[in-house]
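Residue numbers (my numbering), protein chains in the order written: chain U, 1 to 131; chain F, 132 to 262.
Hint data in this document are derived by calculation from the structure and do not stem from the laboratory.
This structure is a prediction, so every number in the text was calculated from the model and none was measured.
Careful: at least some of the hints might be erroneous.
List time: in silico DSS-like cross-link candidates among lysine-lysine, alpha-carbon distance up to 30 Å [claimed, not checked]:
no.: 1; chain 1: U; residue 1: 76; chain 2: F; residue 2: 243
no.: 2; chain 1: U; residue 1: 112; chain 2: F; residue 2: 207
no.: 3; chain 1: F; residue 1: 243; chain 2: F; residue 2: 207
no.: 4; chain 1: U; residue 1: 76; chain 2: U; residue 2: 112
no.: 5; chain 1: U; residue 1: 112; chain 2: F; residue 2: 243
There are 2 protein chains.
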Amino acid sequence: MRPLGKRGIPASYAVMAAEAQTSLTETPSSDEAQTHQQVQDTVLASYRRSIDNIDAALIHMLAERFRTTQAVGTYKAINGLPPADPGREAHQIARLRALAVDADLDPEFSEKFIRFVIDEVIRHHRAAQNS
Amino acid sequence: MRPLGKRGIPASYAVMAAEAQTSLTETPSSDEAQTHQQVQDTVLASYRRSIDNIDAALIHMLAERFRTTQAVGTYKAINGLPPADPGREAHQIARLRALAVDADLDPEFSEKFIRFVIDEVIRHHRAAQNS
């Protein structure tokens, strides 16, 4: 356990706050500003923990997606199938745009995202066919 | 339930296969090629179902990520904080590259991906500050 200072704030925060305060004039308003900054740090830190958890999930889902498309790429290369499949891509984009709307995500962004991923996949497939 | 033809293949597949066969000369090797094509369709279709499931998960994780960064954007706009935070971004990129290596995902791709997402977030934050 980290030691807690006054108002339950970890002592290291209290030290940082005290150091910050030495560079401020000693008025009630600077005290208020300092407390406000501490609250901001806590709020932002909480949001960022959520974002970091989501990003770890995204990276692992992307890793699993590339494992699958790598298998597809090898399969296409062995069977002489073309790396890109425009009909399939159009279907994927339309489906993900609809899912994005349901999830309240910008469908334009969802399309940019899936194109970004598919472009990378096609690059991998081309490399597999040339190796 | 869709009706099944011989060898448990859905009747619609059997019709497609029969149609495909009329354009081929009737030799054992064309029969083999047709069976091979059916196997290919089944293998590719299975991979694609996995990819579609993963993409749905990705879209929903991205939707949740943007819900969170939207809250951060509003918070930063209210408190006059800058939309971008280079120190935070460098930390995120280094962390995700390490996670990518663990998950056997190309770390270069993970960095391109997170920059792509962060760029979109900063665009949203700028729009929030200007509104």
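Take the C-alpha atoms of residue 243 of chain F and residue 207 of chain F, compute the straight-line distance between them, and say whether it is at most 30 Å.
25 Å, holds
* Proposed proximity, residue 243 of chain F with residue 76 of chain U (alpha carbon, max 30 Å) -> Satisfied, since the Cα-Cα distance of roughly 26 Å is no more than 30 Å.
**Request:** Please work out if residue 112 of chain U and residue 243 of chain F have their alpha carbons no farther apart than 30 Å.
**Result:** 13 Å, holds
*asked:* Need the status of pair residue 112 of chain U, residue 207 of chain F: alpha-carbon distance at most 30 Å?
replied: Distance of about 26 Å is within 30 Å: holds.
- Would you check the hint for residue 76 of chain U and residue 112 of chain U, treating anything up to 30 Å between C-alpha atoms as holding? 25 Å, holds
The earlier numbered hints are all upheld by this structure, with none contradicted.
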